[in-house]
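Heads up: the sequence lines are chains A and B, in that order.
Oh and the first sequence: position 52 is 52 in this note's numbering, straight run, nothing missing.
Oh and the second sequence: position 3 is 3 in this note's numbering, straight run, nothing missing.
Please keep in mind that the hints were generated in silico from the structure rather than gathered at the bench.
The structure displayed is predicted, hence computed values, not measured ones.
All C-beta atoms, glycine included, are put in the ideal place defined by N, C-alpha and C.
Every clue listed holds true.
A partial selection of chain B residues facing chain A, derived with a Cβ cut-off under 8 angstroms:
(1) Tyr32
(2) Met34
(3) Arg41
(4) Lys42
(5) Gly43
(6) Leu46
(7) Asn98
(8) Thr99
(9) Pro100
What follows is each chain in one-letter form.
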Amino acid sequence: DSGVTQTPKHLITATGQRVTLRCSPRSGDLSVYWYQQSLDQGLQFLIQYYNGEERAKGNILERFSAQQFPDLHSELNLSSLELGDSALYFCASSGNRGTEAFFGQGTRLTVV
Amino acid sequence: QKEVEQDPGPLSVPEGAIVSLNCTYSNSAFQYFMWYRQYSRKGPELLMYTYSSGNKEDGRFTAQVDKSSKYISLFIRDSQPSDSATYLCAMSAVRSGNTPLVFGKGTRLSVIA
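Produce the complete structure using the sequences and hints provided.
See the structure below:
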């Protein structure tokens, strides 16, 4: 158990809808990262938050947004969903002293 | 040129074989190197973490870094069917948790009993 919790584990929704994915980082970790992994694809970095502020942005679509709350949990909002958004979405966290990131078990999103 | 290159495989080996997994990178600033193991539909799990050049051993796993060649390796001795997974390399230029890791695409490994 990495200590990173993601909910829900599975999500099925229709095109055009909006969903929110939730992540609780390891206790004390200030950084939260969001990644997308499509079938047979590598991990695509989406966005990073550090202690409530956006720190780095990767290949995140404008339809997607994220935030990190004062209790350090984070949410990834995906809107106007398309079939191509079907993927595994991972959250990871890291501490201020460590480089390594610890991953949650992911949310499997299916857009139908 | 991508920052991190990793052969996607798939790599299929018999049980008991020595497995060698590799990544090359282009950014000479990278100093921290990690290997993650990802079972199907699960989150990546940190396997090995090394700093700068040299070797690090943990049980059946050995991580090797050659900064002069910008080349890192993960060796698995006495491979087991339970080692069947995708292995991702990751690296960073800084120690703090303030920047995202750069990942390779992963190598899919199958160990056949």
